[in-house]
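There are 2 protein chains.
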Amino acid sequence: MDLKEVRVEIDKVDNEIKRLFEKRMILADNVARVKAETGDSIFKPEREVEIINKLTRDIEPQIEKEYTAFIKKIMEVSRKYQYGKTLTMTDPLKIDFKTGPVERSEYHVIGEEKDICRKAYDYEMISEESFDDIAKVILNNPNTAGIGVMEDLGIGVSDRLHTMLINNDIYINSCKIVVDNNVRKKVVTFSKDLIVTEGDNRLKLMFVCPNRSGSLASILSMIADYDINLTEIHSVPDRSEIWNYFFMIELDAAFTEESTKALIYQLMNETEAFRLLGSYKC
Amino acid sequence: MDLKEVRVEIDKVDNEIKRLFEKRMILADNVARVKAETGDSIFKPEREVEIINKLTRDIEPQIEKEYTAFIKKIMEVSRKYQYGKTLTMTDPLKIDFKTGPVERSEYHVIGEEKDICRKAYDYEMISEESFDDIAKVILNNPNTAGIGVMEDLGIGVSDRLHTMLINNDIYINSCKIVVDNNVRKKVVTFSKDLIVTEGDNRLKLMFVCPNRSGSLASILSMIADYDINLTEIHSVPDRSEIWNYFFMIELDAAFTEESTKALIYQLMNETEAFRLLGSYKC
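One line per chain: the protein sequences are A and B, in this order.
Residue 46 in the UniProt record's numbering sits at position 46 of the first sequence; the count goes up by one each step and never skips.
Residue 60 in the UniProt record's numbering sits at position 60 of the second sequence; the count goes up by one each step and never skips.
Keep in mind the hints are simulated off the structure, nothing from the lab.
Glycine included, each C-beta is placed from N, C-alpha and C at the ideal position.
Hints are supplied without guarantee of correctness; some may be wrong.
[As the list claims (entries may be wrong)] Straight-line distance between alpha carbons at most 20 Å, and here's what the computed SDA-like set of lysine to any residue pairs gives:
no., chain 1, residue 1, chain 2, residue 2
1, B, Lys44, A, Ser41
2, A, Lys54, B, Lys12
3, B, Lys18, A, Ile17
4, A, Lys114, A, Val208
5, B, Lys4, A, Glu48
[To be verified] DEER-style ranges, computed between Cβ atoms:
no., chain 1, residue 1, chain 2, residue 2, range
6, A, Ile126, B, Asn53, 51 to 59 Å
7, A, Met1, B, Asn201, 40 to 48 Å
8, B, Asp252, A, Ser41, 45 to 53 Å
9, A, Asp29, B, Glu272, 54 to 62 Å
10, B, Glu5, A, Pro45, 22 to 30 Å
11, B, Asn269, A, Glu106, 24 to 32 Å
12, B, Val183, A, Lys23, 50 to 58 Å
13, A, Glu48, B, Asp132, 46 to 54 Å
14, B, Asn269, A, Glu5, 20 to 28 Å
[Said to hold, decoys possible] Partner residues are not named here, just some residues of chain B that face chain A (Cβ under 7 Å, in silico):
no., residue
15, Leu3
16, Leu27
17, Ile63
18, Glu66
19, Thr90
20, Lys94
21, Ala217
22, Ile233
All chains, please: the whole structure from these sequences, using the hints.
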């Protein structure tokens with residue numbers, strides 16, 4: 001066969017696979033309906049491993065890795081479809097948020113970051129000794145916010161700011177990029193509420209990857225399958241040793257969109273320690 | 001249908017899809033043979049987009065994203081299979097490397113990092129002013145190596161060390177983790193040669209993601225499909241503005257293994273500005 005003939009054959013096979021794919025999605029819809037009624041979870045890793053083992057039993061070794069990747073993908077998109085279906089049937093996404101913009105009476109900053117933060121935000125700022133001190137003020141007074149450097153672009157994320165956000169359930173509400181010593185830095189405001197303001201185009205979140213091979217890749221593919229782009233990704237080994245590694249990612253997405261909600265619902269179900277870290281415009 | 005009946009149907013569909021998948025891989029093998037003869041490239045993004053557009057034309061909107069993700073995966077694993085096949089037919093991977101271990105006469109370090117580097121390596125070290133100065137010494141004298149802090153785990157990568165590696169074609173040869181002020185730091189040695197030593201279990205590399213939606217996810221899935229784990233990932237916006245973003249990743253892999261070589265071959269072909277940054281044990 002020459003290349004042209006092979007391609008005609010590939011087209012035929014692709015069309016046959018398409019019909020079977022459609023059939024499988026209708027079956028997935030059935031599964032979603034039953035599970036929504038019984039409250040059963042969509043993602044069952046053990047059952048998936050079982051199916052993979054069964055299906056790969058008689059596959060030729062030279063295409064085994066390819067076939068395994070392929071059926072994992074069928075299962076992934078099947079789950080994606082089921083999460084979307086479930087969201088239209090029930091309202092399982094329980095996330096408290098306020099709508100902005102919000103006026104603040106006070107902004108708190110750690111002393112050493114005051115000059116940089118001033119470049120980004122033109123507010124009066126009260127100096128504190130540490131991010132822990134800022135967290136205390138914010139949690140006790142809903143009318144206050146903190147300001148800090150979240151990230152030096154090209155160098156790394158601020159460990160202490162992220163630790164403070166995570167440990168105290170504090171959310172990023174706005175973000176500005178300033179240039180300091182030739183380094184672009186992301187300066188953010190944060191408070192005790194998740195605030196979604198019209199025009200927000202970034203969603204920051206963290207999760208821990210389940211300890212399975214390829215789980216990060218599968219989570220990032222999942223995000224891509226929603227047609228949502230990543231704008232940042234960082235892997236962070238946890239010093240408290242409760243988790244091994246967590247990931248902080250920034251999405252080019254608005255919380256109010258249906259596809260974003262479906263993605264968040266899937267991430268809440270398929271990652272560990274999932275947490276929203278903020279919504280902002282950048 | 002109850003869940004049990006649905007699952008019996010799903011099993012049937014999966015088995016039919018499996019037969020078609022096997023058929024498609026045989027066709028992909030044919031494509032690989034023709035392309036190896038003609039030197040044609042395996043990855044043709046425009047042709048793939050064409051096929052996707054054609055196949056999704058008559059698909060129901062509610063499963064369009066799922067189906068698109070699914071056929072992209074078929075193409076991905078088909079390419080993976082073709083790269084592997086091509087590697088067995090020709091030797092397209094032209095990477096110069098030496099085998100270690102190598103004795104060095106001199107080690108150079110920047111003054112401010114000397115104390116930390118001493119915690120990792122027990123060598124005499126000559127202080128230099130900057131990484132550029134170290135690079136000059138290394139490039140002019142193959143018997144020397146540099147030592148520096150590559151990464152503060154949990155905080156970020158060293159921008160200036162990576163810039164030096166990238167700009168001067170310098171490779172990491174060994175790595176040790178030390179604890180400094182409660183922060184775990186990766187201290188590395190580097191030289192002008194890529195040196196592969198028996199027992200190396202880490203491969204560091206960088207690439208630029210093609211500017212297409214989901215391209216990072218697709219690259220990470222590709223890595224996962226080779227059964228190779230990521231140990232680190234960092235996205236770095238480039239200040240020179242030649243690239244938008246590049247990615248630095250560390251793989252749990254040995255350069256000498258066939259599957260690692262096939263992955264590198266695929267990455268060289270499917271990413272931009274691909275570069276190996278080193279092989280070491282960690």
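> Asn269(B) and Glu106(A), beta-carbon distance inside 24 to 32 Å?
Replying inline: Since the Cβ atoms of Asn269(B) and Glu106(A) sit about 55 Å apart, the hinted range of 24 to 32 Å is violated.
> Quick one: are Glu48(A) and Asp132(B) within 46 to 54 Å, going by C-beta?
Replying inline: With a Cβ separation near 51 Å, Glu48(A) and Asp132(B) satisfy 46 to 54 Å, so the hint holds.
> Straight-line Cα separation of Lys4(B) and Glu48(A) no greater than 20 Å?
Replying inline: holds, 15 Å
>> Hint check: Lys54(A) vs Lys12(B), CA-CA at most 20 Å. Holds or violated?
In response: holds, 12 Å
>> Hint validation: Glu66(B) versus chain A, beta carbon distance must be below 7 Å. Holds or violated?
In response: Constraint on Glu66(B) satisfied, holds at 4 Å.
>> Does Ile63(B) hold up as a contact with chain A if the rule is Cβ-Cβ below 7 Å?
In response: holds, 5 Å
>> Given the hint of 54 to 62 Å, is the C-beta distance from Asp29(A) to Glu272(B) inside that range or not?
In response: violated, 40 Å
>> For Lys114(A) and Val208(A), compute the direct alpha-carbon distance and say whether it is at most 20 Å.
In response: Distance of about 32 Å is beyond 20 Å: violated.
> So the hint says 50 to 58 Å: do the beta-carbon atoms of Val183(B) and Lys23(A) match that?
Replying inline: holds, 54 Å
> Do the Cβ positions of Met1(A) and Asn201(B) conform to the proposed distance bound of 40 to 48 Å?
Replying inline: Distance hint for Met1(A), Asn201(B) holds at roughly 42 Å.
> Under the criterion of a CB-CB separation shorter than 7 Å, is Lys94(B) in contact with chain A as hinted?
Replying inline: Status violated, d = 25 Å.
>> Verify the CB-CB distance for Ile126(A) and Asn53(B) against the hinted window 51 to 59 Å.
In response: holds, 56 Å
The earlier numbered hints that this structure contradicts are 1, 4, 8, 9, 11, 19 and 20.
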